Every structure is written in structure tokens, then in C-alpha cells.
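K.L.:
Work out the full structure: start from the sequences and follow the hints.
Listed below are the residues making up each chain.
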Amino acid sequence: MSGLTAIQKVLARKAGKHVEIGEIIEAKVDFLMLHEVTGPLAVEEFEKISDRVWNPNRVVVIFDHDVPPSTIELANQMRKMRLFVKKYGVSNFYEIGRGGIAHQVLFEEGFDIPGSLIIGVDSHTCTAGATGAVGIGVGSTDAAAVLATGEIWLRVPETIIVEVEGEFKKGVFAKDLALSIVGKIGANGATYKVVEYAGKTVEKLSLSERLTLANLSIEMGAKTGIVQTDSKSFEYAKSFGKQSAFMDVRSDPDSAFEKVGINASELEPVVSVPYRVDDVKPVSEVEGLEIDQAFLGSCTNGRLDDLLIAFRIIKGRKISPRVRLVVSPASMKTYSDALKMGIIEEILRAGGVVTSPTCGACLGMSRGVLAENEVAISSSNRNFMGRMGDKSSRVYLASPATVAASAVEGKITDPRRYL
Amino acid sequence: MIVRGKVVRLGDDIDTDIIIPAKYLVTHDATILAKHVFEDYYPEFRERAKEDIIIVAGENFGLGSSREHAVIALKHSNVKAIVAKSFARIFYRNAINLGMPALVPEEKNRIGEINDGDEVEIHLKKGVLRDLNTGREFSFYKIPDFIVEILEAGGLINYFKQKGGKTGEKSLR
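Just so you know, the protein sequences line up as chains A and B, in that order.
Numbering of the first sequence is given in the numbering used here, commencing with residue 1 and proceeding in unit increments.
Numbering of the second sequence is given in the numbering used here, commencing with residue 420 and proceeding in unit increments.
There's no promise every hint is true.
Going by beta-carbon spacing under 7 angstroms, a handful of chain A positions derived as facing chain B [said to hold, decoys possible]:
id	residue
1	Ile49
2	Pro68
3	Thr71
4	Gly137
5	Asp142
6	Tyr192
7	Lys223
8	Gly364
9	Met385
10	Lys391
Simulated from the structure, these hints should not be mistaken for lab results.
Because the structure is a prediction, the values reported are computed rather than measured.
Note that beta-carbon positions come from the ideal geometry of N, C-alpha and C, so glycine has one too.
P.N.:
Below, the structure is given as C-alpha cells:
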């Protein structure tokens, strides 16, 4: 094996030397993302060891978990983060109403440059892999050390290449592919490894669809997920004037990796049933199960194309009287674009509610929390016990199309007859 | 570093949402977080954690959210170490960073020989767990030296203070 894997190439660049798989290295961080839930603890720990942020231009503070805040405690946490931003002169700050869900904002604002290293205090930081960036989620104390030094110790992970070939059948979306991959590899199947997405089907996916794919990498335990770069990722970098920083991120054919093949033409619309993301079943197996809430949003599937798919299904119809449809656009930009396109108006007309861009419902924090014994279908990313509310509630994960069709029927519904 | 405690056996895929639900992420006050540890999943845990605890679990311990609050809640519930067949990587880092030993036995399928309620002792440098009820010994995969140093310092922040002081410029290792 003389070639290098994609992650070896990026981490070698960040460590300033050749790196071996399995080696523990110190890597230079391009951007550190902090949000209001795990950020304040990072700041508190940081201030025990330093009085200077390594580079205030490379710190990004985004409010997203409970926006606007629904408790005094969270309002206070935001206050702490604002004071931090001011005290250290942090230049990238996304206040309430000016950003959205962190991973979406990082993408929209051009932080996810291919070949860069992004550390975030959030497990879904792996979403940045959609454009060929390496996004790694950490806890608060790791982030504190990055704030002080601009560096992080990392073990150079092994690689699993997921190669996807074949055309999607009608009603199958990037989310169905992503969940099917999690189902195949398992919740523990990529622990400590990186999942690299390749193949003709992946090449055809838009950057938004790639965000969905990279996003669910953590649900296999992966350190991160990377979509191999191509002209779309180059155009992304170019659109922010960063073409010179672009790096082709893909493993050499003669490098060390395992390969998992997926035939996209065999996939069905699927759901993950409680309480495991990797417990993936065809929608047909749970069709007819009555739901109380349909949630469309999150860093997984709250983007404009997700809202547009739902719009096409909901248009001219009514949300079932037994169901609440909660829509949380992933960012203010998404919200604004959906408004201009008439999507928001149609959701309201059909009987849905649109919240501010926030993670709220996805993690059972605010704006769409489930009551005892309630059942939800959700476009988000986790269906653990109590994830979206009461411990007896149950969450089924699905594509935006399945969420919308189920909202209309009041029960889990195969979206294909609505498309 | 030697830690000792009574074993609490847990299964596979213990996620951070069930260790500490998101509704409590409005604070990182250790006392408050410890009060709600495993609240929905294992309400008896708090009663058991009145004495020192060693968690012995299955695969993929700590999967899901990056919330360090999960480790804080366990640490302040008298959990002295966690032994599991495997750990989710963010949880693993968080545990080390807060000075909580997170250990994987070399013969992970022997983990079933450790009974709930057994008194065990872990010798970190030797990499050995000894079950004081049965006399059985289990060895762990070797932990890199700098991780042992972080654990012995009581976590990354203390380690950092010992190594570099309050400079903001010193490297981590």
C-alpha cells in the first residue's frame, strides 16, 4: 500500500508532516465552532488555562439549539457566549435571527472549504464532509484546548469507502440512502473510522444532499464522513474565492481502506424505528402506524430542497387533523428563500407551524417536544429513548417526503403515491 | 492510579441522551446533572451510586451527542471508571479529558464474567482489573502514555496546567 487515504492527506496537511494510519498526531485547526449549549463550558475551561484565544478570526460562535431561548438558563448561556465573543474579539458570530443551525451556517457562509479541518462542539460537525472538509465533533474540554492552542490531538483513522452506484427509484432520496448505509454498517460499525462516500450516485448528488449523507456518519460511530471532492465541491470553494485553498480529497486506489458497495437502485423509502438509528426498515413495514407529530427540520434535512419536496406533497392538501406538522428551516437564509418561493405560505395554509431555525425539536429541547406515548415521524437524525421528549415517546426517522406524506395522512405513509 | 468500586452492569449502546437528557443541558452544574443521571433509563442508578461505582458495559458506550455533560453527570455520581467492550469516540475523549478512566478489556467477551455488584479494583498503569469477589483478573488494551498522564493529572485542564501553565501558547504534549 503506497497510496494515501483522503483523511491521511488532509491530516498530513494539518500536521505538517506525513501521517500513518493509527498514529496520534497534533493537527492545526482551521475553524472551531461553538454553540450555546456546550460552548459556555468550553469557555469556562479555556479560561482556566489561557487568557488569549489562539486566533479570534478562526472561532465561529453560532446560536442554534434553542433559538430564541425558551428558558432563563439558556438565555444566560447565550449571554455568556456574547460576552466571550466581545472579550476576545471573535469575528464570526451568528446572533439569533442572523444564522441558523450551526452545520448549515458553516456551509452557507463558506467555512467548509475542501481539505480544511473544522472542530465543533457538536457531534454532527461531520456534516462539513459534504464539501470535502473534515469536520470532527468533540466535547467542551477538547474545544477549550483548541481555543488555547489552535491544535488538537487526533488519531489518524482507518477508512471505509462506501461506494454507491445505480439510480434512485422514485420516492427514494439522499436520506433513504444515508439511513440505509447506517443500517448496513451499524451504529458501531465505523467507530474511530472515517466514512468516505464515493461512486457515480454520490457524484450526482447536490451539495445539499451530500450534507444529509455526511451528517449521518456519526450515527455509525465515525470520526467523520467525507464526500469525495469533485467539480461541485470546487465550485463551492470558488464561490467564496477560496479556489486556491481547494484540495482534492479522495483516497488513492492503492491506499488502505475497506470498501462497502451499495446499489442505489435496490433501495426503498425507509424509516429507522425506535430506538436505534441503525434499525432500518422499508416504510411499507410500518405503514399505517398513527402519528401525533411530523417534524421537518434539523441539520440533516431542514434545507430548501427538503422543504421543497414537502411543499410538493402538501400543496393543495391539508395536514391530518390528528397531526401537528412542525417545520424548522435549517437557517435564516433557508427560511427567507422558502418564504419567497411560497413554501412557507403553503405550509401554513395546510395547517403546519413554522418555527425559527433551531435544533429544538430534534433533541427534545424546545419547539416541538413530544408528550407521553406520542409518536413522531421526523426528518432528523436520532430516535434514541426520550430523544424528542418524554421517555415513552417514539421517533421514526425518515426522508422529508415520507414526513410530508405521513403528515397528510396522519399515519406513516409511503411517499411514492404522492410523487 | 488505582480505582475501586462496585460494578454496575449495563448493556450495549448506552447513548448520551439516556445518560443525561437534553432538557438538563441548560447548566453544567455537576450537582444538578448528577441528580438526573439515567433518570428515564435506569432510575435506580442514583441510589446505587451512593457508593463508588465502576460501570461495566457492552459495545459502543456513550454514542450520540457530544455533550460532555454525560461524563460530568457520571463522574459526580461516584462513577470511578467505565469498562466497556467499546466506546463511542467523542465520549471516550470526553471521559479522558475529565479524568475518567475508560477501558476496553483485551478479551472483551470475558466481560460477562464480571457480575453486577462485584467489588473490583483497577490498576491503571498495570492495565489490570481484579474482581475481588471472584479473584478473576482482566487485562486492558494499553493506553498511550500521554493519556495515562492526562488521567493521572485528573483531566486535560489539569494536565495542561502542569505542562504549560497559563500561557495559551504551549503545545498539548
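K.L.:
For the hint on A:Ile49, just tell me whether its beta-carbon gets within less than 7 angstroms of chain B.
P.N.:
This interface hint holds because 5 angstroms falls under the 7 angstroms limit.
K.L.:
Should the hint that A:Met385 touches chain B count as held when the rule is a Cβ pair under 7 angstroms?
P.N.:
Status holds, d = 6 angstroms.
K.L.:
Return the status of the interface hint for A:Asp142: holds when the least beta-carbon distance to chain B is below 7 angstroms, violated otherwise.
P.N.:
Nearest chain B Cβ about 6 angstroms off; hint holds.
K.L.:
Interface hint check: A:Lys223, Cβ to nearest Cβ on chain B, cutoff 7 angstroms. Holds or violated?
P.N.:
holds, 6 angstroms
K.L.:
Once the shortest beta carbon distance from A:Pro68 to chain B is found, is it less than 7 angstroms?
P.N.:
At about 14 angstroms, which exceeds the 7 angstroms cut-off, the nearest Cβ of chain B leaves the hint on A:Pro68 violated.
K.L.:
Mind checking the CB of A:Tyr192 against every CB in chain B and telling me if the closest is under 7 angstroms?
P.N.:
It holds, given that the least Cβ distance between A:Tyr192 and chain B is near 5 angstroms, below 7 angstroms.
K.L.:
Going by Cβ atoms only, is A:Lys391 closer than 7 angstroms to chain B?
P.N.:
holds, 4 angstroms
K.L.:
Can A:Gly137 be said to touch chain B, with a Cβ gap under 7 angstroms?
P.N.:
This interface hint holds because 5 angstroms falls under the 7 angstroms limit.
K.L.:
Does A:Gly364 meet its interface restraint, that is, does its C-beta lie within less than 7 angstroms of any C-beta in chain B?
P.N.:
holds, 5 angstroms
K.L.:
Does A:Thr71 meet its interface restraint, that is, does its C-beta lie within less than 7 angstroms of any C-beta in chain B?
P.N.:
holds, 6 angstroms
The structure fails hint 2 only (numbered hints given earlier).
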